[in-house]
Amino acid sequence: GEDVEQSLFLSVREGDSSVINCTYTDSSSTYLYWYKQEPGAGLQLLTYIFSNMDMKQDQRLTVLLNKKDKHLSLRIADTQTGDSAIYFCAERTLGGGADGLTFGKGTHLIIQP
Amino acid sequence: GAGVSQTPSNKVTEKGKYVELRCDPISGHTALYWYRQSLGQGPEFLIYFQGTGAADDSGLPNDRFFAVRPEGSVSTLKIQRTERGDSAVYLCASSSRPGPYEQYFGPGTRLTVT
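As they're listed, the protein sequences go chains A and B.
Numbered according to the numbering used here, the first sequence spans residues 922 to 1034.
Numbered according to the numbering used here, the second sequence spans residues 9 to 122.
Among the hints, erroneous ones may be present.
Result set (DSSO-like, lysine-lysine): computed pairs, CA atoms no more than 30 Å apart in a straight line [to be verified]: (1) B:LYS25 / A:LYS988; (2) B:LYS86 / A:LYS957; (3) A:LYS1026 / A:LYS991; (4) B:LYS86 / B:LYS25; (5) A:LYS977 / A:LYS991; (6) A:LYS1026 / A:LYS989; (7) B:LYS23 / B:LYS86; (8) A:LYS1026 / A:LYS977; (9) A:LYS957 / B:LYS19; (10) A:LYS991 / B:LYS25; (11) A:LYS957 / A:LYS988; (12) A:LYS988 / A:LYS1026; (13) A:LYS977 / A:LYS988; (14) B:LYS86 / A:LYS1026; (15) A:LYS977 / A:LYS989.
The hints are simulated quantities; they were obtained by calculation from the structure and are not laboratory data.
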């Protein structure tokens, strides 16, 4: 079955880089996503990557995908207080499975001043 | 509309009662998804609509849960004989087309069963 694992907490100092890690088990995962959830707000898609890519960069965000190890990471450069949120890794497999996304439990990003 | 809207934002009900949760997707979006998020967990897929039909309901936990989308726009998630374990935030998302395209999430309905 599908399973997505993330560490529950990450604490970084303001201005440093944050690296949030995720592992998944479905070898046929085709699309992998990072969502951000702020208190009282809905889920916001930050970025996504196709499984035929190794890296994707979008402004302060860099996504790295290691297909062999089924490991996905999200790097946030120059972390700001506004980056404080829960970050969810999600995967989706096309064909033969549920059409929804499978989410991890989320990583709470805590920013220290 | 500007975004996905869900009503009510909060719902408190007694064990055994029936509840309906409403989702208004972004105008023109044909794909609609329901998820459930329990405390400390990530969202869990429940059901997916493409147009009026439920294309995938494999995530519904049991037959107390049912969802409809009669005109291919607004969707209602219905829960019969609610149990305390049904307490969660119910999220709705819509997408402009089926497939791995961006799903826009609503703010959710927080359901509390007492």
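Do the hints match the structure? See the list:
1. B:LYS25 / A:LYS988: Distance ~47 Å between LYS25 (chain B) and LYS988 (chain A) Cα, so the pair is violated.
2. B:LYS86 / A:LYS957: holds (28 Å)
3. A:LYS1026 / A:LYS991: holds (17 Å)
4. B:LYS86 / B:LYS25: holds (11 Å)
5. A:LYS977 / A:LYS991: Holds. LYS977 (chain A) to LYS991 (chain A) sits at ~16 Å (cutoff 30 Å).
6. A:LYS1026 / A:LYS989: At roughly 22 Å apart (the allowed maximum being 30 Å), LYS989 (chain A) and LYS1026 (chain A) satisfy the hint.
7. B:LYS23 / B:LYS86: holds (14 Å)
8. A:LYS1026 / A:LYS977: Holds: LYS1026 (chain A) and LYS977 (chain A) sit about 23 Å apart, inside 30 Å.
9. A:LYS957 / B:LYS19: Holds: LYS957 (chain A) and LYS19 (chain B) sit about 24 Å apart, inside 30 Å.
10. A:LYS991 / B:LYS25: Distance ~43 Å between LYS991 (chain A) and LYS25 (chain B) Cα, so the pair is violated.
11. A:LYS957 / A:LYS988: Holds. LYS957 (chain A) to LYS988 (chain A) sits at ~23 Å (cutoff 30 Å).
12. A:LYS988 / A:LYS1026: holds (21 Å)
13. A:LYS977 / A:LYS988: holds (14 Å)
14. B:LYS86 / A:LYS1026: holds (25 Å)
15. A:LYS977 / A:LYS989: Holds, at roughly 17 Å.
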